[in-house]
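*Asks:* With chain A's structure known, arrange chain B on it following the hints.
Top line first, the protein sequences correspond to chains A and B.
If you're matching positions, the first sequence starts at 7 in my numbering and goes up one per residue.
If you're matching positions, the second sequence starts at 7 in my numbering and goes up one per residue.
It is possible that part of the hints are untrue.
Given that identical chains are not distinguished, each listed pair holds provided it fits within a single copy or across any two copies.
To be verified - Derived pair list, reagent style BS3-like, types lysine-lysine, alpha-carbon separation capped at 25 Å:
no., residue 1, residue 2
1, Lys127, Lys8
2, Lys57, Lys129
3, Lys127, Lys57
4, Lys9, Lys127
5, Lys8, Lys32
6, Lys127, Lys32
7, Lys32, Lys85
8, Lys85, Lys9
9, Lys129, Lys85
10, Lys32, Lys57
11, Lys57, Lys85
12, Lys90, Lys9
In short, the hints are calculated from the structure, not lab data.
Protein chains: 2
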Amino acid sequence: MKKQLPPSVHSFPAPAILISCGTIDKPNIITCAWFGTVNSEPPMISVSIRKERFSYPLVHNIGEFTANIPRISELELVKVCGTKSGRDVNKFSDLGITPVACPPLESAPMIDECSLVLGCKVKHELELGTHCVFIAEVVSIHCDPDRARPSGRPSPNPEDQVVYLDGNYWNLSRI
Amino acid sequence: MKKQLPPSVHSFPAPAILISCGTIDKPNIITCAWFGTVNSEPPMISVSIRKERFSYPLVHNIGEFTANIPRISELELVKVCGTKSGRDVNKFSDLGITPVACPPLESAPMIDECSLVLGCKVKHELELGTHCVFIAEVVSIHCDPDRARPSGRPSPNPEDQVVYLDGNYWNLSRI
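If we strip away everything but chain A, and leave its shape as in the complex, we get:
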């Protein structure tokens, strides 16, 4: 017999993603795990951002962001971008990372050091309560040459994927 508990947020495994937004001159990064694929044709992802975050108006007003997928060796970057605010620091210069243009996006930069980046244009935004969810089309993919596969798609590199769950970071192994 099951026990009924009150509604609460349950923690599910999700990718730790570095969302970059703003402009090349004034870029910001926020770590998001409430991120995932929502449509295959056209390719679309969703990301939820709390309305008080410094990045929220940047994504809301500009309608663009990049989803930068970190390696396990970049875990420190993931942690810092998830705990410090762009109101107080310039995360790019503080962390010694490089914002570069992400065509065809006109504003939001990508993180040059990340091996895989999706350029995203917002198509829908829903205000849900504490968070807004952005549904965005993936308009370009940029990756290190060794990550491109003959199919024209990047490798998902499962062994080098940072997963977030319940306040901790995890990696994957095959069942």
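*Replies:* This is chain B only, laid out in the frame that chain A set:
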């Protein structure tokens, strides 16, 4: 220097979730990995379902579903529910699993054998192309007594979590 690839669906780690819908008398289950948390207050999740799936009109018309979280020992159930259609088989009777009421939902059943279930009511639906994304409020949580924590929340049991990525199933270990 990065290589630019055409837009495509990239595979991100995500939970393998058994979505149950319909009624106790005519229930169905579909395995979904395009699932995640989107809001904390009220707690909300999103799930994307391809419009041609047998489950799509059940969720669309009834506006309810349950998210049943499988254990690693239930991987076969995850695979069968991800590949067979409710048009051809009754997955509950074929797999020997039990649909039970999931209060306060009025229609969609939960899977009695799963150790953790979220009862979900649809609040928004967006048609995106191949898929529709449902944004739903978590209105109840049901779990096996040994999974309830003193905080009133269920344990996420990270070591017993089935993760889907790139066509394969994975488990988690701490970085």
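*Asks:* Would you mind marking each hint as holding or not holding in the structure?
*Replies:* Verification of the hints:
In this assembly of identical chains, the alpha carbons of Lys127 and Lys8 lie at most 25 Å apart only when taken from different copies (20 Å versus 43 Å within one copy). In the homo-oligomer, the alpha carbons of Lys57 and Lys129 lie at most 25 Å apart both inside one protomer (18 Å) and across protomers (19 Å), since each shortest distance falls under that limit. In this assembly of identical chains, Lys127 and Lys57 lie within 25 Å of each other by CA distance both inside one copy and across copies; the values are 19 Å within and 23 Å between. In this assembly of identical chains, Lys9 and Lys127 lie within 25 Å of each other by CA distance solely across copies; the values are 20 Å between and 43 Å within a copy.
When the C-alpha separation of Lys8 and Lys32 is checked against a cutoff of 25 Å, the pair qualifies only between copies, where the shortest distance is 22 Å, while the shortest distance within a copy is 51 Å. Within a single copy, Lys127 and Lys32 get their C-alpha atoms as close as 18 Å, which meets the 25 Å cut-off; across copies the closest is 40 Å, which misses it. Only within a single protomer do Lys32 and Lys85 lie at most 25 Å apart by alpha-carbon distance; the minimum there is 21 Å, versus 46 Å between protomers. In this assembly of identical chains, Lys85 and Lys9 lie within 25 Å of each other by CA distance neither inside one copy nor across copies; the values are 35 Å within and 27 Å between.
Neither within a single protomer nor between protomers do Lys129 and Lys85 lie at most 25 Å apart by alpha-carbon distance, with minima of 28 Å and 32 Å respectively. Proximity of Lys32 to Lys57 under the C-alpha cut-off of 25 Å is restricted to the intra-copy arrangement: shortest distance 19 Å within a copy versus 41 Å between copies. For a Cα distance limit of 25 Å, the shortest separation of Lys57 from Lys85 inside one copy, 20 Å, qualifies, whereas the shortest one across copies, 38 Å, does not. Proximity of Lys90 to Lys9 under the C-alpha cut-off of 25 Å is found in neither arrangement, the shortest distances being 38 Å within a copy and 31 Å between copies.
In the structure shown, a violation is registered for the earlier hints numbered 8, 9 and 12, in ascending order.
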